[in-house]
Amino acid sequence: MRHFLNIISYIFHPLFIPIGGTALYFLVAPYSTLEIQSGNILPIFILTVIIPIIFFLILKNLGVISSIFLPSVQERKYPLYISCILLLMVLYKVIPNNYVHELFYFFTGLLTATSAAIVLLFLKFKTSIHLLGMGSILMFMIGLSIRFETNITIAISIFTLLTGLVATSRLYLKAHSKTELLIGFIIGTCSQLIILKYWL
1 MRHFLNIISY IFHPLFIPIG GTALYFLVAP YSTLEIQSGN ILPIFILTVI IPIIFFLILK
61 NLGVISSIFL PSVQERKYPL YISCILLLMV LYKVIPNNYV HELFYFFTGL LTATSAAIVL
121 LFLKFKTSIH LLGMGSILMF MIGLSIRFET NITIAISIFT LLTGLVATSR LYLKAHSKTE
181 LLIGFIIGTC SQLIILKYWL
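First residue of the sequence shown? That's 1 in the numbering used here, and the numbers climb one at a time after it.
Certain hints may be false.
In the DSS-like style, the derived pairs of lysine-lysine whose C-alpha atoms are separated by at most 25 angstroms in a straight line are [claimed, not checked]:
1. Lys-124 / Lys-77
2. Lys-60 / Lys-174
3. Lys-174 / Lys-77
4. Lys-124 / Lys-178
5. Lys-124 / Lys-60
6. Lys-178 / Lys-77
7. Lys-197 / Lys-93
The hints are simulated quantities; they were obtained by calculation from the structure and are not laboratory data.
Please put together the full structure from these sequences, using the hints given.
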């Protein structure tokens with residue numbers, strides 16, 4: 001069981017949330033072209049997956065962090081700072097070149113949620129970034145379903161179950177308390193919910 005839940009924690013790691021939301025958008029959006037897809041997916045993948053992995057390796061070699069799951073409050077600060085900078089780069093450099101209205105606000109929500117997690121770090125509170133990411137994508141899926149009038153109820157239901165599975169894995173592995181998981185999920189969903197009115 002521990003091995004299985006560990007795999008779940010890796011598969012749904014927050015690192016993959018930005019590219020996951022981007023891929024989800026292009027799967028649901030009925031009018032996306034290959035040019036727009038390639039103009040967004042590749043640079044977003046490089047900025048939100050490849051570069052963070054490089055920074056992780058550097059920080060790990062420097063002894064700043066000990067694990068990809070960032071177990072302590074202190075270890076989370078630099079990765080979250082880097083994440084905010086990279087999300088800003090996506091918002092100001094990548095998306096304007098191949099403008100996608102919905103993606104712009106998805107990343108705005110991610111930046112807001114990440115900033116909120118940083119604020120809580122200063123209060124010595126370790127928000128679950130796993131649940132923050134899952135909540136963000138779940139609310140984004142609901143928004144896309146409404147926006148494009150597409151029935152993706154089954155996908156939303158499956159993702160809701162996966163969110164519960166991720167929460168279970170974090171609890172079982174003693175990575176977070178129930179409160180940390182709940183706050184992470186609330187921050188993720190609310191950050192997307194607040195900006196829904198700007199793009200629906």
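field: Restraint status (C-alpha distance of Lys-60 to Lys-174 at most 25 angstroms)
entry: 22 angstroms, holds
query: Does the alpha-carbon distance linking Lys-124 and Lys-178 stay inside the 25 angstroms limit?
result: 16 angstroms, holds
- prompt: Are the Cα positions of Lys-174 and Lys-77 separated by 25 angstroms at most?
  reply: Status holds; Cα separation ~20 angstroms.
query: Going straight from one Cα to the other, do Lys-178 and Lys-77 come out at no more than 25 angstroms?
result: OK: Lys-178 and Lys-77 at ~21 angstroms, within 25 angstroms.
- request: Would you mind confirming whether the straight-line C-alpha gap from Lys-124 to Lys-77 stays at or under 25 angstroms?
  value: Answer holds: Lys-124 to Lys-77 is near 11 angstroms, not above 25 angstroms.
query: Straight-line Cα separation of Lys-197 and Lys-93 no greater than 25 angstroms?
result: 24 angstroms, holds
- prompt: Is the straight-line distance between the alpha-carbon of Lys-124 and that of Lys-60 25 angstroms or less?
  reply: Holds, at roughly 22 angstroms.
Hint compliance for this structure: every hint is met.
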